[in-house]
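Engineer: This is what each chain is made of:
Protein chains: 2
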Amino acid sequence: MSTIDAVLARIDTDLDASLDRLSELLKIKSISTDPAYKADCRAAAEWLVRELNEIGIEASVRDTAGHPMVVGHKNSGKVGPHVLFYGHYDVQPVDPLELWNSDPFEPQIVTKDDGTKMLVARGASDDKGQLMTFVEAARAFMAETGDLPIDVSILFEGEEESGSPSLHPFLEANKQELSCDLALVCDTGMWDADTPAISMSLRGMVGDEIIVRGASRDLHSGAYGGSAQNPNHIIADIIAGLHDENGKVALPGFYDGVLEVSDEVKANWESLGFKVEEFLGEIGLKHPRGEKDRTPLEHLWARPTAEVNGMWGGYQGAGSKTVIPAEAHAKFTFRLVGDQDPDKVQESFRNYVRSKIPADCAVEFIAKEGSPATRLDTTIPAVAKGKKALKDEWGVDAALVGMGGSIPIVGDFKRMLDMDSLLIGFALEDDQIHSPNEKYNIKSFHKGIRSWARVLDELSKS
Amino acid sequence: MSTIDAVLARIDTDLDASLDRLSELLKIKSISTDPAYKADCRAAAEWLVRELNEIGIEASVRDTAGHPMVVGHKNSGKVGPHVLFYGHYDVQPVDPLELWNSDPFEPQIVTKDDGTKMLVARGASDDKGQLMTFVEAARAFMAETGDLPIDVSILFEGEEESGSPSLHPFLEANKQELSCDLALVCDTGMWDADTPAISMSLRGMVGDEIIVRGASRDLHSGAYGGSAQNPNHIIADIIAGLHDENGKVALPGFYDGVLEVSDEVKANWESLGFKVEEFLGEIGLKHPRGEKDRTPLEHLWARPTAEVNGMWGGYQGAGSKTVIPAEAHAKFTFRLVGDQDPDKVQESFRNYVRSKIPADCAVEFIAKEGSPATRLDTTIPAVAKGKKALKDEWGVDAALVGMGGSIPIVGDFKRMLDMDSLLIGFALEDDQIHSPNEKYNIKSFHKGIRSWARVLDELSKS
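Line by line, the protein sequences give chains A and B. For the first sequence, the working numbering assigns the number 466 to the last residue and increments by one with no breaks. For the second sequence, the working numbering assigns the number 466 to the last residue and increments by one with no breaks.
Read the hints as simulated data drawn from the structure, not as lab findings. These figures come from a predicted structure and were not determined experimentally. Worth double-checking, as some hints may not be accurate.
Note: identical chains are not told apart, hence a pair may lie in one copy or across any two.
Using 16 Å as the maximum straight-line C-alpha spacing, the simulated EDC-like pairs for lysine to aspartate or glutamate come out as follows [what the hints assert, rightly or not]:
#: 1; residue 1: K290; residue 2: D364
#: 2; residue 1: K360; residue 2: E249
#: 3; residue 1: K348; residue 2: D212
#: 4; residue 1: K418; residue 2: D381
#: 5; residue 1: K360; residue 2: D241
#: 6; residue 1: K270; residue 2: D297
#: 7; residue 1: K451; residue 2: D18
The whole structure should be built from the sequences, with the hints applied where relevant.
Structural biologist: Here it is in structure tokens:
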């Protein structure tokens, strides 16, 4: 039996224990955006350090101004590229909690009507399940051979879901230690349940939160309605004016730096057989929103967007309260593509918002860190090796796809550490990441571990 | 000493005890709109019945499908009009609780820098403080003379702040018992701190709450942004389109039945010396919103309005969550004037909302009871007697004013019981009703009690 076959066999035998370990990690409430879970984030980092050390990858918790990083190394002076594996141990908030069928932090294995088995928990897919596919692949190699086929470093972040404020300073301060030949990132998805994918572009993101203030206190709408400014209406005007009647974002200069997709890439995308009615049908919708003259895959992978992720003002309780609130709030995110500049987008947005604020009202901005979009080089050898490994595991060619989401670190790796990334992940569209009842298919987890074992093996070949 | 002078002297002596009794009532959390406070509403009704019976007004708690009514009678076959006094014992919700300087249900006497003493609590002004001015006036008469100068019935409602759903059936079922010669209503305000007022018109109101639903679950804005409908944006479009660029409500037919104010009334209003900069300055604003071609007093008393009292959708917690919510919500109220028809306004609003809902999204409406606007007859004798009583107490002529708010029962009294109303109240613009730190000046309470004693005395004169 070849080494890789022995490693794969061990992965199969060890699957239940691998799931138990993932469940342990999923029980830790590492919600990075909410300060109430600070200690849980540290606990997740410490748990990962213990796991890596147990496997034989020397690792430590590394403090930052925010949540800690986990860094590990297994350097044996192997030939082949030295890779840095990246994942994040933090998760999204769980609200609305009442829509979960079980406790988000008590992982459950659920079998669907069609026999699909899945692990349900916050972070099961994004990104604890995904990062553990690599950890378990490394564990199998270490157990079988006492080493990894190539030198490996590890970087697990705890602030990916909250804008990664500590990432730049950390990469800057540890440039030498973290600069490797190639980054492996497991935070993306499959093309479909049977077809793996390598992601070749990622959208960037910039966010902003606004508080619009009117009167110095909440008012009675009978006494002041029609006379006093209502921040709910001001916020609504701001949101309504963000898009024009064709679905384009109406901020001046917003599309500066947006690149047209080449005919070649367009043809490649068309060959994927993307069906918008299935994509939207799965979530109970039918008609694509957004720019009217663009295809749905362009919307998703190649066009920028503006979305209000949250808004609130006034009375939300049962019944009615005839109030004009003193303030109203909204949280915005913009997904960026091509060469769009996050700072310029934010500036244009803020100027637009200020132009909508009546003279006797005020606006406060709460900034979120921004990151530009990233395109990856399809010609590097790692892409070919990754495709070979994925075809061996899944029996079909991997799709080269774009990504609607944002993984800012991929751009940072390139710009700050001059390091290309290979983006392979096993999430599915119906994983409900960021939503109630997030899940990761057992098949994604199992074959994900096997895929990483094969990728490490391929990368070790000259 | 004349009878009225003896009664007034007793009111002065008894003030501290009157305040203690009001404080007892204010401690009862009778928030009618929130089902969690159902028992508290009943407790407030029972407390009032005990008070009335103690004074010598035979009263009882009367069940309805919602919160109970309090009905009392003191019939001695007196000459002069038999009056029905109306007030409401329910109060508005208290959120945002963190903006209160003290517990809303632990009344505090606070002295302002200028020496003004006030009682701070939810309901201190609206309407527990106001209704107790009448109860205490009645108490003083009963204590001093063993009777009231005219026959009096009492109706205290517990659903005024939540649309009065039980009122129509109750009036209908008890028409004979409640039909009197005149209603006295104490739920309105003074012109200013030194000038009493009699309200001659009240706006009507109709409300609606909408839930807009998009995808079947919350979505990741990276995966679905730009493609899937975002209910936050749909709600914002609905709100933004409610008014045109001149501040007029843009619903078809909305202004049907709105009457122009006569030149005579306009001249009367101008003589009041209303200063918009003071009116808005007190709440930290400067510039009147609303229809550009109307005066501020027209906005307030003679023009209809559309206000969003609450809106919410998506993530409201700390930090960011890149979600496209499955649903978003908004609560609307329309203040009505003249002959506007609440049903037609609601229908026009709903048609407008439906026209804004994308084909694959849905809207649910949660109706609120509506009521038309009310105009009062200034020529009835009770108005002249009320003016005389108020001038005797305050030393200046009472202003005949409009009211921006809505007291639907005044219209119901006229339409269902053929009964005119005399609207006298002692609230001030800075009472912060419906807001945190609601208060009632001790002067309003004290001179309010004295005013009602004088009104009862005047009404008893032929």
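Engineer: None of the hints should be skipped; say for each whether it holds.
Structural biologist: Against the structure, the hints come out as follows:
1. K290 / D364: Cα proximity of K290 and D364: across copies only (6 Å, versus 43 Å in one copy).
2. K360 / E249: between (19 Å within a copy, 13 Å between copies)
3. K348 / D212: This pair counts as within: shortest intra-copy Cα distance 13 Å, inter-copy 40 Å.
4. K418 / D381: within (11 Å within a copy, 79 Å between copies)
5. K360 / D241: Cα proximity of K360 and D241: in one copy and across copies (8 Å, 15 Å).
6. K270 / D297: This pair counts as within: shortest intra-copy Cα distance 14 Å, inter-copy 55 Å.
7. K451 / D18: within (13 Å within a copy, 84 Å between copies)
Hint compliance for this structure: no hint is broken.
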